[in-house]
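Asks: Each chain is listed here by its residues.
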Amino acid sequence: MLARLTEGLSGRALILLAVLLVVLAAAPFFAGDYLLTVLILILYFAYVGQAWNIMMGFAGQLSLGHALYVGLGAYTAAALYVHYGIGPWIGLLVAMPIAALAGAFIGYLAFRFKVGGVYFAILTIAFAEFARVGFDHLPFTKGSSGLFLPVAQFKHNDLWHLRGQPVMFYYVLLVATVAAFIGCRALLQSRIGYFWLAIREDEEAARSAGIDTFRYKMIAVVISAAMTSFAGVIYAFYYNNLFPEQVFHISRSIEIILGPIVGGVGTLFGPILGAFVLTGLAESLTEGLHAIGIDIPGAKQVFYGICLLFVIMALPDGVWPWVKRRLGLSERAP
Amino acid sequence: MSALLKIEGISKRFRGLLAVDKVSFEVPQGGIHAVIGPNGAGKTTLFNMIAGVHAPDGGAITFAGERIDGLAPNQVCQRGIGRTFQIVRPFPALSVEDNVIVGALMHRRDVTAARAHAHEVMRRLDLYDKRAQRAASMTLPDRKRLEVARALATDPKLLLLDEVMAGLRPTETDRIVGILRDLNRDTGLTILLIEHVMRAVMALAQQIVVLHHGANIAEGAPTDVVRDKAVIDSYLGAEAVA
Numbered sequence: 001m002l003a004r005l006t007e008g009l010s011g012r013a014l015i016l017l018a019v020l021l022v023v024l025a026a027a028p029f030f031a032g033d034y035l036l037t038v039l040i041l042i043l044y045f046a047y048v049g050q051a052w053n054i055m056m057g058f059a060g061q062l063s064l065g066h067a068l069y070v071g072l073g074a075y076t077a078a079a080l081y082v083h084y085g086i087g088p089w090i091g092l093l094v095a096m097p098i099a100a101l102a103g104a105f106i107g108y109l110a111f112r113f114k115v116g117g118v119y120f121a122i123l124t125i126a127f128a129e130f131a132r133v134g135f136d137h138l139p140f141t142k143g144s145s146g147l148f149l150p151v152a153q154f155k156h157n158d159l160w161h162l163r164g165q166p167v168m169f170y171y172v173l174l175v176a177t178v179a180a181f182i183g184c185r186a187l188l189q190s191r192i193g194y195f196w197l198a199i200r201e202d203e204e205a206a207r208s209a210g211i212d213t214f215r216y217k218m219i220a221v222v223i224s225a226a227m228t229s230f231a232g233v234i235y236a237f238y239y240n241n242l243f244p245e246q247v248f249h250i251s252r253s254i255e256i257i258l259g260p261i262v263g264g265v266g267t268l269f270g271p272i273l274g275a276f277v278l279t280g281l282a283e284s285l286t287e288g289l290h291a292i293g294i295d296i297p298g299a300k301q302v303f304y305g306i307c308l309l310f311v312i313m314a315l316p317d318g319v320w321p322w323v324k325r326r327l328g329l330s331e332r333a334p
Numbered sequence: 001m002s003a004l005l006k007i008e009g010i011s012k013r014f015r016g017l018l019a020v021d022k023v024s025f026e027v028p029q030g031g032i033h034a035v036i037g038p039n040g041a042g043k044t045t046l047f048n049m050i051a052g053v054h055a056p057d058g059g060a061i062t063f064a065g066e067r068i069d070g071l072a073p074n075q076v077c078q079r080g081i082g083r084t085f086q087i088v089r090p091f092p093a094l095s096v097e098d099n100v101i102v103g104a105l106m107h108r109r110d111v112t113a114a115r116a117h118a119h120e121v122m123r124r125l126d127l128y129d130k131r132a133q134r135a136a137s138m139t140l141p142d143r144k145r146l147e148v149a150r151a152l153a154t155d156p157k158l159l160l161l162d163e164v165m166a167g168l169r170p171t172e173t174d175r176i177v178g179i180l181r182d183l184n185r186d187t188g189l190t191i192l193l194i195e196h197v198m199r200a201v202m203a204l205a206q207q208i209v210v211l212h213h214g215a216n217i218a219e220g221a222p223t224d225v226v227r228d229k230a231v232i233d234s235y236l237g238a239e240a241v242a
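Going down the list, the protein sequences come from chains D and R.
The opening residue of the first sequence carries number 1 in this note's numbering; numbering runs sequentially from there.
The opening residue of the second sequence carries number 1 in this note's numbering; numbering runs sequentially from there.
If you're looking for bench data, these hints aren't it; they were derived computationally from the structure.
Don't take each hint at face value.
Some but not every residue of chain D turned toward chain R, in silico, with C-beta under 10 Å [what the hints assert, rightly or not]: (1) G134; (2) A152; (3) Q189; (4) R191; (5) E245; (6) H249.
Stretch by stretch, here's where chain D covers chain R in the computed footprint (C-beta under 8 Å, at least three residues) [what the hints assert, rightly or not]: (7) 31-38; (8) 219-233.
None of these values were measured; they are calculated from a predicted model.
The beta carbon of each residue, even a glycine, is placed where N, CA and C say it ideally should be.
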């Protein structure tokens, strides 16, 4: 089992991975409250970025509506908890199929009627927008006035109900991110992974190499949607309040895809590195501008945009391929 | 020899243009047949109908005793027809090896088994030493052979080759001709090729079908076809016989 996991990894890559894992596992013992919340945010984006990357990076299907799956996961688990006292892990068992079904529906519509490329992206935006407007008027989830989870000062971390200190969420997300990384790596090295890459590279050529492209694109959407819904469950129980206007907003979808794009679309480590770079950059900008006394509204966004522009212009394939070369990791592509 | 591929009166119309007009011919098991004809004669449309890209408007295509017209390209491939594209379409960002593995995975569930098969195919096509190279960075002759390798890795009974020699130097042409002839001899692979390079057609084909304006104007052994008056007038030109 362990041999299969590490297959194809050089000794150097293994050591670096182990060091990174140890650092991340030990981080809460050294990080203050503020840094911990930043790390939680980073892991959250690393996880959803990985899920999005399955669709775009592997199978080549651009989704600009992943907030839909986050939102469905968040609302399903939160509503079950608020109305029936059902815990988030059971809620997850409901949320995942719902998100997967939504993904399958969108995928079926698009792939059956050959909606591809930017038109597919527009379709994914449309469904996220449907959800945003729809949930605004859904009494069961309290519509636009928002769904709130009961909050109290938690002395103990109750993992089963996800009630507790930020550090608990940190470790839950860390485990999820590691699991997503391992899972995506296994998928990429499997038959499905090869077929996804073939579809991403040239769909017609893939079809004449015998690949049922409809089927494999559907698999990508369903896995990606189900994975993303887990992030939604965590989102709901971490923030304790949900507003359709925030959860399903297109800016949420864009946030999700920035990490993998900056880190490197289609790479396994890109989403993780991208989350560190982006969230790290955003937070240090906030702190940095605050420290030198610049308090102009929007200044942070402007700097952020300039930094992004620079990264994309200098490293169009993402930061990870460049870092990988620097670290001397000769692991085979991708 | 029984016919592996049987084409009976197939036609395809694009709006006002009758691209293929009631074409019929057969390719026997283990044979090498060529389709020639001037540009726009309907050769690629004919191929696309066999490969499942277009459904014919009329007629029937039978492969190994089964009707295949109207099937999707992947279903046609699964039944044992591999194809290459006139304008090569390897998976650009993937390595040569991964390109061939994709084909090999068609009839293999296990990636390790597919990789072993891909290595075998790459050796046959002189690609083994370049297996780690990205397809996008290869030269045209290499990419042409990669197309053949990917199609071959799907274990086809019939290989459709759409102008794999076009744009190659004579030495490269001879190299592919040699590879194809060996494949046909060693594995009994049936080959149907579209080709303009008469040097390759004459060296390979046992039978030639000539298309002109979508219709089958001549069919027969290479030496007979090149002497056919209609073929000389429409395609080869008088100097070809001289």
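Asks: Closer than 8 Å, Cβ to Cβ, for at least three residues: run that test on the region 219-233 of chain R against chain D and report holds or violated.
Replies: Result for this restraint: violated, n = 0.
Asks: Against chain R, with CB atoms and a cut of 10 Å, does the hint on D:Q189 hold up?
Replies: holds (7 Å)
Asks: Next item in the hint list is D:G134. Is there a CB on chain R closer than 10 Å to its CB?
Replies: violated (36 Å)
Asks: For the hint on D:A152, just tell me whether its beta-carbon gets within less than 10 Å of chain R.
Replies: For D:A152, the interface hint is violated, since the closest Cβ of chain R sits about 51 Å away, which is over 10 Å.
Asks: Count the residues of the region 31-38 of chain R whose Cβ falls closer than 8 Å to any Cβ of chain D, and tell me whether that reaches three.
Replies: violated (count 0)
Asks: Going by Cβ atoms only, is D:R191 closer than 10 Å to chain R?
Replies: holds (5 Å)
Asks: Go through the hint on D:H249 and say holds or violated, using the shortest Cβ distance to chain R against 10 Å.
Replies: violated (33 Å)
Asks: Against chain R, run the beta carbon of D:E245 and see if the smallest gap drops under 10 Å.
Replies: violated (39 Å)
Comparing the model with each numbered hint stated earlier shows that hints 1, 2, 5, 6, 7, 8 do not hold.
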